[in-house]
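Enquirer: Residue strings, one per chain:
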Amino acid sequence: MPQPKKSEALLGPYRALDLSDDKGLLCGRILADLGADVIKIERPGGDPARRIGPFYHDIPEPEKSLYWFAYNVGKRGITLNIETADGQDIFQRLVKTADFVIESFTPGHMDELGLGYKALSALNPRLIMASITPFGQTGPKAKDKACDFTSWASGGALYCAGDPDRPPVQLSFPQAYLHAAARAALGSLIALYHRGQDGEGQQVDVSIQESVMAVLMDAPEMWDLNRFVFRRKGYGLVHPSRGIRQRFGVPCKDGYASIYMMGGAPGVILEHMKAMIRWMDEEGMAPDWLKDLDWISDYDSAKVSQETIDRVEEAFINFLMTKTKADLSDAVIPKRLVMAPILDAKDLAIHPQLAERDYWAKVEHPELGEAITYCGPFAKLNQAPIEIQRPPPLIGEHNMEVYEQELGFSRSQLSALKSAGVI
Amino acid sequence: MAAKRALEGLKVIDLTWVAAGPTITTYLADQGATVIRLESHTRFDVYSRLASPFKDGTPGMDRSGFFTAHNASKYSATLDLAKPKGKEVFWKFIMWADVLTESMTPGTMKKLGFDYESVSKVKPDIVYLSFSVYGQYGPWASGPGFGQLASSMAGLFHLGGWPDRAPAPPYGAYADYVAPPFTAAAILAALDYRRRTGKGQYIGVALAESSLHFAAPVVMDYMINGRVMNRNGNRISRAVPHGAFPCQGDDRWCAIGIFNDDEWQGLCQAMGDPAWAKGPKFADFLGRKKNEDELETLITEWTSNHQAEEVASRLQAAGVPCSVVETTQDLFEDSQLKHREHIRWLDHPVMGKHIHRRPAFKLSKTPDQSTAAPTLGQHNEYVYKELLGLSDEEIADLLAERVITTEADLPW
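Read top to bottom, the protein sequences are chains C and P.
Take the first sequence: its position 192, counted from the start at 1, is 192 in our numbering, and no numbers get skipped.
Take the second sequence: its position 344, counted from the start at 1, is 344 in our numbering, and no numbers get skipped.
Keep in mind that the hints were calculated from the coordinates and are not lab data.
Any given hint could be a false lead.
What the hints assert, rightly or not - As a list, the in silico DSS-like pairs of lysine-lysine whose alpha-carbon atoms are at most 30 angstroms apart:
id	chain 1	residue 1	chain 2	residue 2
1	C	Lys-303	P	Lys-4
2	C	Lys-145	P	Lys-289
3	C	Lys-335	P	Lys-289
4	P	Lys-4	P	Lys-111
5	P	Lys-110	C	Lys-274
6	C	Lys-233	P	Lys-338
7	P	Lys-110	C	Lys-64
8	P	Lys-365	C	Lys-118
9	P	Lys-4	C	Lys-96
10	C	Lys-143	P	Lys-338
11	P	Lys-278	C	Lys-145
12	P	Lys-365	C	Lys-143
13	C	Lys-118	P	Lys-290
14	P	Lys-338	C	Lys-145
15	C	Lys-274	P	Lys-111
16	P	Lys-123	P	Lys-87
17	C	Lys-335	P	Lys-111
18	C	Lys-143	P	Lys-289
19	P	Lys-290	P	Lys-278
My request is simple: use the sequences and hints to build the entire structure.
Expert: What follows is the structure in structure tokens.
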């Protein structure tokens, strides 16, 4: 693979040992994208996250999980049972030359194995260890049970979303763990910066609950400043002081779109409102009362009535229902609209902006005999571009590379470790 | 003595605005970087500083909770970049800084004369971030820059809500909180690269592209299997029950997710082992999945007779993943968040105090520290005198010529 170039990557000289489950997989993916040598350490037989669908051609096998692919591409993979004494010994040997460890066990579990931060930092004081848990390493709930969905609830995101007449609702592709894992990568690199100055490593204690709280925009401030509890109101905006509601989400001919329908101060939104009315008028769908509205004085959210809002929104929706997502997409740039169709996976796959920017990354999967399409780099860099280093690891794919070539185990020792269930 | 901070000594000149960009630079500022947010009174961060909620509900440029939610720990200085002298001063900021961050409409920095090409000629080792919704080039490059729209374009909002209804996505400019950790990670990796090689870096981030990683398997499911995933309420394929269940009180809920037989047994035990739960219908995962509607109804009968807190503590005692569906008010009373001191109150010259959600990660040796989000131009004297080293005379001239601005034309 790209060995000669490696030191040229942003994180080229560094190695991460990734013990995490689905709570932390994205962290290692980010470090691998940035050029680090990330070794995913799985239990013998494979990591439970390999059981998460969807699957390649719907074949539910551990080496065909698209979830696994997405968050492990670019990593190498070995198997190791760190619950055994031999496994612990091998892990400690690996830690001596590692820069990062990523783990997501219940607080205290790594300590019980003799692999807690204290023990590992004694072996390698420069080590940076990211620990990703539902509530952080300490506190009254530190060992509470959680899943992605309950973390979405304990961080406050669930309560704020949904239709008023139904339960609070999630995003159907769970998000809480991803937020925590991305923040674990950030925290680890902040620690790396510090290490570059002072030489010392440290532990990065990531709370999934707190990671979810980070997505609440200004809702906690609404409570703190105005004693207003934000409640789910479909897809729209509520003005706490007046109780009026404005929609963001609207139906169109073949789906939905997000659109600003607001007045008030001059600016891009006001120009967009005028452009919308012109477009509606061109097609004979702007009633006179709508054309006569003064968007600055009549439609200021500090004054406008709910009745007027509903009437305006109805007129917009009547018009938008004659347009497809593609029609709207084509109109946004030339008409300078503050709008976007709500895209599904199919729309994304053919989106001209992503195609023009060559966003999608093809990665050869020799075991499947084809190239798989992945989400591309999360940033474009000029000196040291992000590149996917390799396909996601098969179970134990790099055992020989690591155990034999690097750590110097003999084949017979490896056979013994395999039969003992260590690797 | 105050503890060391991880990013002590790192210098950032910040031209980002609204939510996502300032979130990136707050990550740096909370860890000790010196971040100067540059605005002017004619072109200040209007979508943030004039956005509700306001302290006591009274609008004012230095009273916005939206602004404080995104700008803790930074310095604020004012500079009119449209004036030639403002440009001269900005070059001094560039020479001072390690990192320049901007989230203007693509092309704006070039018009101002501060695009990466121009800046890197003068300062080759600068780490330069251009952050926008769709990226710096391509047919949508100039597309509208709001988080709700980016969340829609990144395939995320399609997945929020019920299958028989319009999308009901997470509150707010959701993707504005997805892209920042990726972006800040790239900045820090580039700084390490600079430390090793002496080379600077241009970092172009499209918010929609980085956010797509939060739906990656969904897109791959289409690319490979031709399946277009739709929103599906609170259900997921590998857990049952998996949902929010109503409890006693006004709009109180408990979130429960059961992934295996042990957790299912725990739930039954917590509910007092009702007879219905022992039937063959719910004996195994496939049975529970097949009868999910009925199962949810039966669980609801139990939860709605109890307080959410009681449901949560009973289920926790039985080893079942669950949580009260916390309101924003609940977060302020949450024992875990209190223990972690996750919410801080910071002293603010106009608002008295404002809250600050600390980073979601604690660094064991270099704890984060925060100061209040700055009022507009609050640190002009410190920034121009102490950080840029301008003389009193030079500063007086810049003030007189309104290059350093002090007055805004506000609607109130």
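Enquirer: Each hint should be assessed against the structure and marked as holding or not.
Expert: Hints and how they fare:
1. Lys-303/C - Lys-4/P: 50 angstroms, violated
2. Lys-145/C - Lys-289/P: Satisfied, since the Cα-Cα distance of roughly 22 angstroms is no more than 30 angstroms.
3. Lys-335/C - Lys-289/P: 48 angstroms, violated
4. Lys-4/P - Lys-111/P: 40 angstroms, violated
5. Lys-110/P - Lys-274/C: Roughly 29 angstroms between the alpha carbons, so the hint for Lys-110/P and Lys-274/C holds.
6. Lys-233/C - Lys-338/P: Status holds; Cα separation ~29 angstroms.
7. Lys-110/P - Lys-64/C: Violated - the C-alpha atoms of Lys-64/C and Lys-110/P are around 46 angstroms apart, more than 30 angstroms.
8. Lys-365/P - Lys-118/C: OK: Lys-365/P and Lys-118/C at ~12 angstroms, within 30 angstroms.
9. Lys-4/P - Lys-96/C: Holds: Lys-4/P and Lys-96/C sit about 26 angstroms apart, inside 30 angstroms.
10. Lys-143/C - Lys-338/P: 16 angstroms, holds
11. Lys-278/P - Lys-145/C: Between Lys-278/P and Lys-145/C the Cα gap is close to 24 angstroms, so the pair holds against 30 angstroms.
12. Lys-365/P - Lys-143/C: 23 angstroms, holds
13. Lys-118/C - Lys-290/P: Since the Cα atoms of Lys-118/C and Lys-290/P sit roughly 48 angstroms apart, the hinted pair is violated (cutoff 30 angstroms).
14. Lys-338/P - Lys-145/C: 19 angstroms, holds
15. Lys-274/C - Lys-111/P: Between Lys-274/C and Lys-111/P the Cα gap is close to 27 angstroms, so the pair holds against 30 angstroms.
16. Lys-123/P - Lys-87/P: Roughly 15 angstroms between the alpha carbons, so the hint for Lys-123/P and Lys-87/P holds.
17. Lys-335/C - Lys-111/P: 22 angstroms, holds
18. Lys-143/C - Lys-289/P: At roughly 28 angstroms apart (the allowed maximum being 30 angstroms), Lys-289/P and Lys-143/C satisfy the hint.
19. Lys-290/P - Lys-278/P: Since the Cα atoms of Lys-290/P and Lys-278/P sit roughly 16 angstroms apart, the hinted pair holds (cutoff 30 angstroms).
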